[in-house]
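Engineer: Listed here are the chains, written in short residue letters.
Number of protein chains: 2
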Amino acid sequence: MQKKADGQNYAPKGKVASVCSWGEFKVGIVGLDHGHIYGMCNGLQEAGAMMTMVWDPDPAKIAAFTAKFPGVKAAEDEAEILGDPSISLVAAAPVPCDRGALGLRVMDAGKDYFCDKPPLTTRADVGLARQGVARTGRKFAVYYSERLHVEASVFAEKLIAEGAIGKVIQVVGSGPHRISLPTRPAWFFDRRKYGGILVDLGCHQIEQILFFSGAGSAEITASRVHSYKYSQFPDFEDFGDASLVMDNGASGYFSVHWFTPDGLGAWGDGRTFIQGTEGYLELRKYIDVAADPEGDHVILVNHEGEYHHRVAGTCGFPFFGRLVRDCLDRTSTAFDQGLVFRAIELAIEAEEGALARGQGKMTP
Amino acid sequence: MQKKADGQNYAPKGKVASVCSWGEFKVGIVGLDHGHIYGMCNGLQEAGAMMTMVWDPDPAKIAAFTAKFPGVKAAEDEAEILGDPSISLVAAAPVPCDRGALGLRVMDAGKDYFCDKPPLTTRADVGLARQGVARTGRKFAVYYSERLHVEASVFAEKLIAEGAIGKVIQVVGSGPHRISLPTRPAWFFDRRKYGGILVDLGCHQIEQILFFSGAGSAEITASRVHSYKYSQFPDFEDFGDASLVMDNGASGYFSVHWFTPDGLGAWGDGRTFIQGTEGYLELRKYIDVAADPEGDHVILVNHEGEYHHRVAGTCGFPFFGRLVRDCLDRTSTAFDQGLVFRAIELAIEAEEGALARGQGKMTP
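Those sequence lines, one after another, are chains A and B. First residue of the first sequence? That's 1 in the numbering used here, and the numbers climb one at a time after it. First residue of the second sequence? That's 1 in the numbering used here, and the numbers climb one at a time after it.
Don't read these hints as lab results, they were simulated from the structure. Among the hints, erroneous ones may be present.
[To be verified] List of simulated lysine to aspartate or glutamate pairs, EDC-like, C-alpha gap at most 16 Å:
| id | chain 1 | residue 1 | chain 2 | residue 2 |
| --- | --- | --- | --- | --- |
| 1 | B | LYS193 | B | ASP235 |
| 2 | A | LYS167 | A | ASP247 |
| 3 | A | LYS229 | B | GLU278 |
| 4 | A | LYS68 | A | ASP84 |
| 5 | B | LYS229 | A | GLU278 |
| 6 | A | LYS4 | A | ASP262 |
Remember, it's a predicted structure, so these values are computed and weren't measured experimentally.
With the hints as constraints, model all of the structure from the sequences given.
Structural biologist: Shown next as structure tokens:
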């Protein structure tokens, strides 16, 4: 079972299933501000990628990284990685507001880019990132880990594709997180840097809602951010939610917050409910609360019965192998570039709309 | 365990706990169009009320009722019940659009009124009902059964009052129902008669969201109705959802629909998630899907741990005894008259807003 008291350091490990020969696909790492970089590199390495060089302005972060990935060289600076022709992909988790500009530098250096979420924090960044992909022909992949690095989600994708619940008409997601205040860096509380809760945590949810409903886009019909408890941080939002209508007619809603209580055996009781015309799925991603500390539970109810699938260890994480092959073969099997950008664009739109309507209009 | 393949005929039975002497509190029954009337009368009878006279235009419905409640007299007409000075309360479940006018007649006859949900289907009806209560000093109680007749909800109310999860900041409800098409009367498919899905099923949800969040009112920030599957009935909506912001700052969302698959061992996997600043509750009301066919599960997570409470048979349904005593003593312990009306008014507002924005704007 994965260690998961704290979401920021959750770095799932799966089965090693190399999709290339050793040394064929080299990865440079730039920006270690978020612990997600470990999950990203675990996934790539299990798919056969070789981590070769790492850079961050903070030597302590580099030392921590190279302790977990021995043999990875500490670069002199970012330019050394971008200038190394042997590196195909740059994996990155700097402070959120810096991820877009780094992506442009990476793609302009002729490399593919694999970025932690949220990949971008402003509409302008989204426009530039789209232009960068068009200009360079490079990939801008995003670690939407709550779908890509969760076996329950991988299993759900299969069930939906098999028609197990008919046509998807609604997706409801909840993304509670533990705040773990003492461990958070300053940028965590600065909206200009993390983008706001509907960007930081909401983009995960919107990506899942779009993906599971099979939609290409959506309209945000309502969104809200609020600070219920942590008002000592004026630019921090501890709650957000939004309603959506997909472009294919499906309905969506999600909420995200930082109120996971200390007694839960995971950083958050993340759920996804996927309703179809002929049945429904419930994903209990990180824990089956008060029943099983192990995650990756998928409940399926259809016209035949009720089924509880425990899928931990059964599906793996096919995203990473597909990403490596996509980069090598110039194919698009791991992700849809349009959807990756649209998800974060909608998250930014939801956040901006919520702020415009007034965060603190109604105070408890 | 209650029979619960079909929500319309779900009539919970609890413990008998008389709050008055036998014959002290007499009830007349008018309108048997919805099977909820059986749950309403069960609850009243368990609290010590005596069912004395029943009327409905359909003799078959009267025969079915008197078979279940022997000793209840079939009235000649509604007037016989309204004119009987021994009757204190009229319990009623006619077609939804007729419930408001009946309530006025009942209250003007000097009796209290206890009505199935949705109690009212238009804004005008709500205004008239409010005026009726003010004019007569009578009670207009509503059978919001998804809270009042569910032990999981009764238990949750206690936990919240004890501070088990801190201050409530969000309530999310889902109210899926089995459509059971062959059993449905014509009015079930006629929006002018049932009020639309956000009225018919949504009022339950809004009442719970207001109640559990401790709010007096709310703003509907988004609402939607749609017909995903049963388009052969042009005035029938098979899906609805809405987002709300409470007047005390809490957030709310609910969805309701008619897509419970045949394989579920209950008419619907109704859930309520109540998030507090210091913990959360999940109510699995009618079933613990794929785990326990019995309902009334309450999951509590707080800073100390995760707890699964199986509360079926432990709480009873205090609403009914309180209602009987309120009618006898002219107190207000069972329900808040303002909240009862505000819940249905918000449901009507959500439905009207959804229709105005266009039900079929995006068709799958």
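Engineer: For every hint, state whether the structure bears it out.
Structural biologist: Cross-check of the supplied hints:
Distance check on the hinted pair: LYS193 (chain B) and ASP235 (chain B) sit about 10 Å apart at the alpha-carbon level, within 16 Å; holds. Of the supplied pair hints, the one linking LYS167 (chain A) and ASP247 (chain A) holds, its CA atoms being roughly 14 Å apart against a limit of 16 Å. Straight-line distance between C-alpha atoms of LYS229 (chain A) and GLU278 (chain B) comes to about 10 Å, which keeps the hinted pair within the 16 Å bound. A C-alpha spacing of about 22 Å is found between LYS68 (chain A) and ASP84 (chain A), which places the hinted pair above 16 Å, so the restraint is violated.
Among the hinted pairs, LYS229 (chain B) with GLU278 (chain A) is consistent with the structure: their alpha-carbon atoms are about 10 Å apart, no more than 16 Å. Between LYS4 (chain A) and ASP262 (chain A) the alpha-carbon distance is near 12 Å, which keeps this suggested pair within the 16 Å criterion.
The structure fails to meet hint 4 from the earlier list, while all remaining hints are met.
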